[in-house]
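Protein chains in written order, with numbering that gives the first Met the number 0: chain A, 0 to 321; chain B, 0 to 92.
Each hint should be verified, as a subset may be incorrect.
Only part of the chain A face toward chain B is listed, based on derived beta-carbon distances under 8 Å [unchecked claim]:
#, residue
1, R160
2, Q164
3, E168
4, P185
5, L186
6, S188
7, A189
8, G192
9, E193
10, N196
11, K275
12, F276
13, N279
14, S280
FRET-style restraints, in silico, Cβ to Cβ [stated by the list, open to error]:
#, chain 1, residue 1, chain 2, residue 2, range
15, B, S43, A, S78, 31 to 41 Å
16, B, N66, A, H13, 54 to 64 Å
17, B, S27, A, S300, 36 to 46 Å
18, B, S43, A, S300, 28 to 38 Å
19, A, L110, B, I92, 39 to 49 Å
20, B, L70, A, L73, 44 to 54 Å
Calculated cross-link-like contacts (lysine-lysine; reagent style DSBU-like; alpha-carbon spacing at most 30 Å) [as the list claims (entries may be wrong)]:
#, chain 1, residue 1, chain 2, residue 2
21, B, K65, A, K275
22, A, K275, B, K82
23, B, K82, A, K226
24, B, K82, A, K260
To be clear, the hints were calculated from the coordinates, so they are not data collected in a lab. Note that CB positions come from ideal geometry on N, CA and C, so glycine has one too.
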Amino acid sequence: MKTVMAFGAFDILHPGHINFFKQARKYGDCLIAVIARDKTVLKIKGKAPRYNEKIRLQFIKNSGLADKAVSGSLTDKYSAIKKYRPDVICLGYDQTTFTDKLKSKINKLKLSAKIVQLWPYYPDKFKSSFLDMNNNIENLMKEWLKTDNPEDYRDYYCETRDVFQARLEKIKNILSNNDKTNPSAPLISAIAGEIGNNSFDHNMGNWPDIMGIFFGFAISDSDNECKIVLADRGLGVLKTLRRVMPDLKHNTEALEIAFTKTITSRFPEKRGNGLKFVKNSIMAKKFKLKFISGNAQISVSHDLQIKKIDEYIGGCLAIINF
Amino acid sequence: MKIELKKFGTMLISRPAGREAFLILQSSLLKDARKDEKIEIDFSGVDVLTPSWADEVITKLSEQFKNLKLLNTENESVQATLKTLREYSGLKI
Numbered sequence: 000m001k002t003v004m005a006f007g008a009f010d011i012l013h014p015g016h017i018n019f020f021k022q023a024r025k026y027g028d029c030l031i032a033v034i035a036r037d038k039t040v041l042k043i044k045g046k047a048p049r050y051n052e053k054i055r056l057q058f059i060k061n062s063g064l065a066d067k068a069v070s071g072s073l074t075d076k077y078s079a080i081k082k083y084r085p086d087v088i089c090l091g092y093d094q095t096t097f098t099d100k101l102k103s104k105i106n107k108l109k110l111s112a113k114i115v116q117l118w119p120y121y122p123d124k125f126k127s128s129f130l131d132m133n134n135n136i137e138n139l140m141k142e143w144l145k146t147d148n149p150e151d152y153r154d155y156y157c158e159t160r161d162v163f164q165a166r167l168e169k170i171k172n173i174l175s176n177n178d179k180t181n182p183s184a185p186l187i188s189a190i191a192g193e194i195g196n197n198s199f200d201h202n203m204g205n206w207p208d209i210m211g212i213f214f215g216f217a218i219s220d221s222d223n224e225c226k227i228v229l230a231d232r233g234l235g236v237l238k239t240l241r242r243v244m245p246d247l248k249h250n251t252e253a254l255e256i257a258f259t260k261t262i263t264s265r266f267p268e269k270r271g272n273g274l275k276f277v278k279n280s281i282m283a284k285k286f287k288l289k290f291i292s293g294n295a296q297i298s299v300s301h302d303l304q305i306k307k308i309d310e311y312i313g314g315c316l317a318i319i320n321f
Numbered sequence: 000m001k002i003e004l005k006k007f008g009t010m011l012i013s014r015p016a017g018r019e020a021f022l023i024l025q026s027s028l029l030k031d032a033r034k035d036e037k038i039e040i041d042f043s044g045v046d047v048l049t050p051s052w053a054d055e056v057i058t059k060l061s062e063q064f065k066n067l068k069l070l071n072t073e074n075e076s077v078q079a080t081l082k083t084l085r086e087y088s089g090l091k092i
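If we strip away everything but chain A, and leave its shape as in the complex, we get:
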């Protein structure tokens, strides 16, 4: 029997916790939840939990989310690991406390436990259902493209390149720590990095609306499909390319050139290979990309298709499925 162990305070139970347990359960047959003690929560989070340790423990026991729930130790944070010797230890995507030395500690204890970082959960503030998160991230992005208050979407809005890079690094770590996505992590990060940075490169000093990009990540409920979405409210591909090709008329024409020809809107700089890299990498790895700018859409999978659409995006929008 394969034992899985997950740690946390689990104070006010929310859909993110449910998603956490749901993911953890997939790694084995018996899931043990270790509930942090009140003093530990105070030390780590800087404030006491709303519910005390007895209530939190009882709540997880009653919830059925785990097969067994036990209290953490105040004197030895590895005591549950020593006692139950799990095959897999699941960590939340942002769980860093206690995890730094976990790998070496496991080796010292002569355990072969595998450490798995679970996916983040992006709650949808507009829906009560949390099962449809894959579509929700796209809806949020489309709302962000029109909103007067982009800062309300602070979990996804990257106003500057530095914020984008930091979030991309975090997503890259999540992808690297998951068996399914680990092999694709470097290339997917590079693809997202090219698209996101393109927005900053081509609109710097010229943002017609708000500066920055929307950047989100989601995984389907079945764990089999991941999605990265990026969008900007910049000039769009047609206006950008018109700097060097003033006769360019249509968005479809502009998208085709951007994805297939080496041309730069920032002459005399030598550049313009980013989207070709994106296209070739997507095709080689059998990922999927939908990229919209103006009223034109390009779909890249095993081949490349460009069409005019009814929708209109002032800047650029990209959805990568992998």
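With chain A fixed as given, assemble chain B onto it according to the hints.
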């Protein structure tokens, strides 16, 4: 002479960061380097590389130095980036 790219970070992504890295190399490690000097570029420890960053460093170095060698290029994003530079930026190595 060996240039260890990991000293510039493990995620080498943006064009401005690449430009900065190139300027730093020019004023430090490569300051007194001859045009025919053997330069090794080591990609070990680089997690993510994009053509934007690499165009500002690798392509420019290849134009400046004729005896360039690329080491530890196994990472998939490094492979795909070098392929792009060879195809679209005229990188010959």
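Hints, one by one, checked against the model:
Taking 8 Å as the C-beta contact cut-off toward chain B, the hint placing A/R160 at the interface holds, the least distance being around 6 Å. Interface hint at A/Q164: satisfied, since its Cβ lies 7 Å from the closest Cβ of chain B, which is below the 8 Å cut-off. A cut of 8 Å between beta carbons decides the hint on A/E168: the least distance to chain B is about 6 Å, and the hint holds. Residue-level restraint check for A/P185 holds (minimum Cβ-Cβ distance to chain B is 4 Å; threshold 8 Å).
Here the hint on A/L186 is kept, as its CB sits about 5 Å from the closest CB of chain B, short of 8 Å. Restraint check, A/S188 versus chain B: the minimum CB separation of about 4 Å is within 8 Å; hint holds. Satisfaction of the interface hint for A/A189 is found here, the shortest Cβ-Cβ separation to chain B being roughly 4 Å, below the 8 Å cut-off. Annotation: A/G192 was flagged as interfacial toward chain B, and the flag holds, the nearest CB pair being 4 Å apart, inside 8 Å.
The beta carbon of A/E193 is positioned within 8 Å of a beta carbon in chain B (closest approach about 5 Å), and the interface hint is therefore held. Taking 8 Å as the C-beta contact cut-off toward chain B, the hint placing A/N196 at the interface holds, the least distance being around 5 Å. Of the supplied interface hints, the one on A/K275 holds, with its beta-carbon coming within about 6 Å of a beta-carbon of chain B, less than 8 Å. Hint status for A/F276 relative to chain B: holds, with the closest Cβ pair at about 4 Å, below 8 Å.
Against a cut-off of 8 Å between C-beta atoms, the interface hint on A/N279 holds, since the closest Cβ of chain B lies about 7 Å away. Look at A/S280: its Cβ gets to within about 5 Å of chain B, closer than 8 Å, so that hint holds up. As the Cβ distance of B/S43 to A/S78 is approximately 39 Å, the hint placing it in 31 to 41 Å holds. A hinted range of 54 to 64 Å holds for the C-beta pair B/N66 and A/H13, which are about 59 Å apart.
Hint check: B/S27 to A/S300, Cβ distance near 44 Å, so the stated range 36 to 46 Å holds. At about 33 Å, the beta-carbon gap between B/S43 and A/S300 stays in the expected band of 28 to 38 Å. Separation of A/L110 from B/I92 is about 46 Å and conforms to the stated range, judged on CB atoms against 39 to 49 Å. Range check, B/L70 to A/L73: Cβ separation about 50 Å, and the 44 to 54 Å hint holds.
The straight-line distance between the Cα atoms of B/K65 and A/K275 is roughly 27 Å, inside the 30 Å bound, and the hint therefore holds. Note on A/K275 and B/K82: the hinted pairing holds, with a Cα-Cα distance of about 11 Å set against a maximum of 30 Å. For a cut-off of 30 Å, the pair hint linking B/K82 to A/K226 stands: about 25 Å separates their Cα positions. Taken as a hint, the B/K82 and A/K260 pair is honoured in the structure, with Cα atoms around 16 Å apart against an allowance of 30 Å.
When each numbered hint is compared with the structure, no violation occurs for any of them.
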